[in-house]
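Asks: For chain A, the structure is supplied; the task is to place chain B on it using the hints.
Those protein sequence lines, which keep their order, are chains A and B. Using the working numbering, the letters of the first sequence map in sequence onto residues 1 to 127. Using the working numbering, the letters of the second sequence map in sequence onto residues 1 to 595.
Just so you know, the hints here were simulated from the structure itself, not pulled from any lab data. Please read these numbers as outputs of a predicted model, since none were measured by experiment. Do not take every clue at face value.
Said to hold, decoys possible - List of simulated lysine to any residue pairs, SDA-like, C-alpha gap at most 20 Å: (1) A:K2 x B:S265; (2) A:K2 x B:S228; (3) A:K26 x B:T102; (4) A:K2 x B:K83; (5) A:K2 x B:T102; (6) B:K83 x A:K26; (7) B:K309 x B:G226; (8) B:K83 x A:C74; (9) A:K13 x B:E254; (10) A:K2 x B:E106; (11) A:K2 x B:E139; (12) B:K83 x A:L4; (13) B:K148 x A:E6; (14) A:K26 x B:E106; (15) B:K148 x A:L4; (16) B:K111 x B:T371; (17) A:K26 x A:G111; (18) A:K62 x B:H5.
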Amino acid sequence: MKSLEELRAIRAKMQGRVGVRAENEKQTRVVVGMATCGIASGARPVLTALSDAVQEQGLSDKINVTQTGCIGLCQYEPIVEVMEPGKEKVTYVKMTPEKALEVLRLHLLGGQVVAKYTLSAAQDKTQ
Amino acid sequence: MYRSHVLVCGGTGCTSSGSQRIIDRLEKEIAAHGLSDEVGVVKTGCFGLCALGPIMIVYPEGTFYSMVQEDDIPEIVAEHLLKGRIVKRLLYEETTKTEKITPLNETNFYKKQHRVALRNCGVINPEDIEEYIGTGGYEALGIVLTEKKPEDVIQILLDSGLRGRGGAGFPTGLKWKFAAANEADQKYVCCNADEGDPGAFMDRSILEGDPHAVLEAMAIAGYAIGASQGYIYVRAEYPIAVKRLEIAIAQAREYGLLGENIFESGFNFDIELRLGAGAFVCGEETALMTSIEGSRGEPRPRPPFPALKGLFQKPTILNNVETFANIPQIIVNGPEWFASMGTENSKGTKVFALGGKINNTGLVEIPMGTTLREIVEEIGGGIPGGKKFKAAQTGGPSGGCIPAEHMDVPIDYDNLKAIGSMMGSGGLIIMDEDTCMVDIAKFFLEFTVDESCGKCTPCRIGTRRMLEILEKITKGQADMEDLERLEELCSHLQTSSLCALGQTAPNPVLSTLRYFRDEYIAHIVDKKCPAGVCKDLLHYKIDPDKCKGCTLCARTCPADAITGSVREVHMINPEKCVKCGACMEKCRFGAIYKE
Numbered sequence: 001m002k003s004l005e006e007l008r009a010i011r012a013k014m015q016g017r018v019g020v021r022a023e024n025e026k027q028t029r030v031v032v033g034m035a036t037c038g039i040a041s042g043a044r045p046v047l048t049a050l051s052d053a054v055q056e057q058g059l060s061d062k063i064n065v066t067q068t069g070c071i072g073l074c075q076y077e078p079i080v081e082v083m084e085p086g087k088e089k090v091t092y093v094k095m096t097p098e099k100a101l102e103v104l105r106l107h108l109l110g111g112q113v114v115a116k117y118t119l120s121a122a123q124d125k126t127q
Numbered sequence: 001m002y003r004s005h006v007l008v009c010g011g012t013g014c015t016s017s018g019s020q021r022i023i024d025r026l027e028k029e030i031a032a033h034g035l036s037d038e039v040g041v042v043k044t045g046c047f048g049l050c051a052l053g054p055i056m057i058v059y060p061e062g063t064f065y066s067m068v069q070e071d072d073i074p075e076i077v078a079e080h081l082l083k084g085r086i087v088k089r090l091l092y093e094e095t096t097k098t099e100k101i102t103p104l105n106e107t108n109f110y111k112k113q114h115r116v117a118l119r120n121c122g123v124i125n126p127e128d129i130e131e132y133i134g135t136g137g138y139e140a141l142g143i144v145l146t147e148k149k150p151e152d153v154i155q156i157l158l159d160s161g162l163r164g165r166g167g168a169g170f171p172t173g174l175k176w177k178f179a180a181a182n183e184a185d186q187k188y189v190c191c192n193a194d195e196g197d198p199g200a201f202m203d204r205s206i207l208e209g210d211p212h213a214v215l216e217a218m219a220i221a222g223y224a225i226g227a228s229q230g231y232i233y234v235r236a237e238y239p240i241a242v243k244r245l246e247i248a249i250a251q252a253r254e255y256g257l258l259g260e261n262i263f264e265s266g267f268n269f270d271i272e273l274r275l276g277a278g279a280f281v282c283g284e285e286t287a288l289m290t291s292i293e294g295s296r297g298e299p300r301p302r303p304p305f306p307a308l309k310g311l312f313q314k315p316t317i318l319n320n321v322e323t324f325a326n327i328p329q330i331i332v333n334g335p336e337w338f339a340s341m342g343t344e345n346s347k348g349t350k351v352f353a354l355g356g357k358i359n360n361t362g363l364v365e366i367p368m369g370t371t372l373r374e375i376v377e378e379i380g381g382g383i384p385g386g387k388k389f390k391a392a393q394t395g396g397p398s399g400g401c402i403p404a405e406h407m408d409v410p411i412d413y414d415n416l417k418a419i420g421s422m423m424g425s426g427g428l429i430i431m432d433e434d435t436c437m438v439d440i441a442k443f444f445l446e447f448t449v450d451e452s453c454g455k456c457t458p459c460r461i462g463t464r465r466m467l468e469i470l471e472k473i474t475k476g477q478a479d480m481e482d483l484e485r486l487e488e489l490c491s492h493l494q495t496s497s498l499c500a501l502g503q504t505a506p507n508p509v510l511s512t513l514r515y516f517r518d519e520y521i522a523h524i525v526d527k528k529c530p531a532g533v534c535k536d537l538l539h540y541k542i543d544p545d546k547c548k549g550c551t552l553c554a555r556t557c558p559a560d561a562i563t564g565s566v567r568e569v570h571m572i573n574p575e576k577c578v579k580c581g582a583c584m585e586k587c588r589f590g591a592i593y594k595e
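Chain B with its partners taken away, still in its complex shape:
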């Protein structure tokens, strides 16, 4: 039995900053001090504060060490684990501001968070089913199978107000109800773990940190709709998540929590993994099922909806990872508990992957109705370099931007829709004043052009034409008619594309046009990029009054575009300039500017 537990993050973020080496070194040092029987090392899922990784927490003290390096380990073991002296220099800075060390859950990053879907991430060892059971895992499945009828389970979900966390926000209970009502010899439960939005990693972290929660919920879903087989469609680019899912499925089978006659109820359920090859369109439900069937991942028209004819033409429900992760908690704590969190039509919490120009990059779970200002300024710790907030992009390439004027809107499904964005799966990219909104729209459209599956014409050709217009704009070659044509194309794509990929592809353009139209016009009419991002509209110049003729810029320039001799004002040749900005960075007199 261990008196102390050292939890080290084994999520993708911390793994890439070397947490596995830290674990190996820890175990070695602990053994060298003869502490192997007293101190246990646990590799957990994501703690959320990815910006400060590799992260380590020591219990029972709850000491939070951040940015731990391999060389720090001997000191941590000899000082803290052996002698109980906390290594203060490695503590998360915010916890050391006052004389007494601030508990982690009172720091700005964690204070406003409420962890439901992420409750076990960073707490348990995801590769040990008994740790999951120890925090109340599989209790919900046991209760459901031994005490509840399928229709009771669906009613609980309906009462809880849970809506799909994949983006569209369809009520989960209703989805299950439809699938349960359709008679068939075989039904399926699918889990959409094909997380593809640039900058989104909520689902990956749940799978890495708490895979059993998803398995348990899928079994509950199987019982509720009468399915005996489940599939998890997960990206092959998530190797840690895949590995932990495989371990979790094997352990669940071994413990009889998957397989035949679970809890002696006569209910059978098993789960298999299907690895996606990284096509964004496979996150669309019909394309995902087509891909599981073994065909090329392309969407098909709806209706029939999957609840009637889904996978292999059988009634199927497809829920997102985060949706599933909420369900065991709802069963155990009751629908009223869940409905007590959030806003009127959006209950519970939502996990966001916070990225972009923000200090605390990472994963946050907040009650619905929290404002963007709270996320950016309090939880996120503000914008680096004291820059001004310009906008936040939610919903990735299907979503839109939220400008500074809407920072105080409580975030939920309906409010985001009303201001022209969407909840999306939870990617939240923060942009500061140096971001060009036309460039952002172009970035997302480049993504959709790449990812369009090509099955339907509006999406295949429409996105390409839209991108061409955006390229013209950012090069300063467009006129106002192009802008009209762009808007017209947007409406065509929205109405005539086959699936959500094409229908939502115009959203980044439309929402940036709605809030930052003047920036588009600046590009088109004035041939200027106000944020100084679009290179073709940008010119580096030397202020003759400030230039001392030190020749540093000329020596720095990789393109030999700067001419001038010692103590004479230098000049930039615009023909040769590649606009890399190296000269501006190097100039000690602030003589170089861009316009």
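Here chain A stands alone, though its shape is the one from the complex:
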């Protein structure tokens, strides 16, 4: 080890990995539906894309990417729910890895709900 900078570089690299093991109430929870219906319609790549991106960008102490079972809206899977502390839950439907990353960028980081992917937008369309 030559310098503190070198040490801190290793730390930053590892932050994503050990940060996943932190628990606090201030975290934003991002939940991917991973029941049979979700997996069949492609939830796994969505989950891994989100999880990888959060860790790569060193956000795992702020954003907790986890999975859940079926919430009953199977025709809209893959579903991603975003729960920010003190805010209303936002449900994104028919996700793909690309759309999920867009949500990460615009909503989780930018603070703007991506209206076009939400459940209400999808329901408006079908009516």
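Replies: Showing chain B alone in chain A's frame:
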């Protein structure tokens, strides 16, 4: 990159209940479901709740599974890891009481704990240095070597108020200051990992769960006092700790965190292990150093103190594992942070190994000043079977007992001393109303008789004579003069033994005498053991009014001591009875009692 981490305890407790088999099965099942790239399995150190092992935590959800069996693994993988459905039946019971799953750190066991020395235990993989660095490891060493002078480091420790966690509570900064002040061509840093108190396993868990914290602190100590060589004296009976230390030392060398010119500061430091063969006396500092030197582990008189003439006659500091584990945190967070925890003269936290008659057996770290009542009733989850708390033994064979009347005393070095016990290294054995205090004193004295090294007469012969008197008492053969003689021997041992082993050997006797003298007198005068433990004073009897003559007891008795025919009252022959209690357990009518 893993989306989910499954942490399985690899401490000694969970290993012995089969956690390695669980890890193997997990990896197999995860691979079978094609999840190997998504889910990582991490073998960690102790989570603390050893009673509920094997323990597993799944992140990012923070799901806490307890008493996991190998056969549960396929369900956990298929349901939870693949589909995100938590396997509720395996959850730690307390977290499932309400509709929403309670976070682990809000359960009674963890709520009042504050983890400093144990902060990485159960969180990181102790065999991966990068995980330690990822939680801020080696930052303190880097700061110290590149930004601080040795005297600054010592000042930080003095300001923090850290006192030795091995038992005696000597201020750590002061110890380092003395050693730093002595000029010598070579100095040494030693770590006392010869944890020997019956029932204590704090140091083992730290070494198993976070070995790098100890290495980092020893390097900091080396810099502060001007030493380039460190030794860890660890028991050979701790094979997992030894193995992880070996891995940790090799990794630290590979990363240039041990060895030459660390952080390009010109500072050199290396650490070697020395394995102890299990002699209790080698936990005494001078005996430990004598043993490292290659001689028979016997203490030597002090002064000279190790800070002046220690290992190989060179200035040496010796600190306990838990003391070291606190130090990197103190450097990174500052002495004020550390001093903000605890009581006026005892700062920070203390780890206790909670054992005996308590529901949550395990490892707890609490701020100094927490009361025994909080530990027993809240963190420990109370006493099994609704029994009454009688006393707690702290400090093992060198310590004493805390009776129920002192349950609300805030635990710190000075308060424990004032009530006739001591902090000790942190073994905390809870005893319920079925415990005989004379028997407990005898138990600890049997231990010291075995472990006395024999170098000095008061300890070698004195402990033996004390034990003989205690045996007389528990057999109902003693008189009040014996009790006087016992107390006299206690004071001789305290004043004339060479080392702390002999000086503190009378403590269990003195403290039980102080709080439970009536029990001693009951044994001596009434020839009765009130708790019904001492077999020689115990008689099993059959109540003729309750006995139905079912013959079950007679058939159960291994010594053929019970006579009687069908539908007639049975009798126990006291000559033949071995007092095993089997008949009492079997009797369906509660007709058998002991007195």
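Asks: Decide, hint by hint, whether the structure agrees.
Replies: These are the hints, each one checked on the structure:
The straight-line distance between the Cα atoms of K2 of chain A and S265 of chain B is roughly 9 Å, inside the 20 Å bound, and the hint therefore holds. Under the criterion of a C-alpha separation no larger than 20 Å, the hint pairing K2 of chain A with S228 of chain B is consistent with the structure, at around 18 Å. Note on K26 of chain A and T102 of chain B: the hinted pairing holds, with a Cα-Cα distance of about 16 Å set against a maximum of 20 Å. Between K2 of chain A and K83 of chain B the CA atoms are separated by roughly 45 Å; this puts the pair beyond 20 Å, and the hint is violated.
With a C-alpha separation of about 44 Å, the suggested pairing of K2 of chain A with T102 of chain B is violated against the 20 Å cut-off. Restraint check for K83 of chain B and K26 of chain A: the C-alpha separation of about 25 Å exceeds 20 Å, so the hint is violated. A hinted pair counts as satisfied when its Cα atoms are at most 20 Å apart, and K309 of chain B with G226 of chain B qualifies at roughly 15 Å. Among the hinted pairs, K83 of chain B with C74 of chain A is consistent with the structure: their alpha-carbon atoms are about 14 Å apart, no more than 20 Å.
For the proposed pair K13 of chain A and E254 of chain B, the alpha carbon gap of about 18 Å is at most 20 Å, so the pair holds. Between K2 of chain A and E106 of chain B the alpha-carbon distance is near 41 Å, which puts this suggested pair outside the 20 Å criterion. Distance hint between K2 of chain A and E139 of chain B is fulfilled; the C-alpha atoms sit about 13 Å from each other, no more than 20 Å. For the hint linking K83 of chain B to L4 of chain A, the alpha-carbon distance of about 42 Å lies beyond 20 Å, and the restraint is violated.
Distance check on the hinted pair: K148 of chain B and E6 of chain A sit about 18 Å apart at the alpha-carbon level, within 20 Å; holds. Of the pairs offered as hints, the one joining K26 of chain A and E106 of chain B holds, with about 15 Å between alpha carbons and a cut-off of 20 Å not exceeded. The straight-line distance between the Cα atoms of K148 of chain B and L4 of chain A is roughly 13 Å, inside the 20 Å bound, and the hint therefore holds. Between the alpha carbons of K111 of chain B and T371 of chain B the distance comes to roughly 14 Å, so the proposed pair stays at or under 20 Å and holds.
Proximity of K26 of chain A to G111 of chain A is assessed by CA-CA distance (about 15 Å); at most 20 Å being required, the pair is judged to hold. With a C-alpha separation of about 17 Å, the suggested pairing of K62 of chain A with H5 of chain B holds against the 20 Å cut-off.
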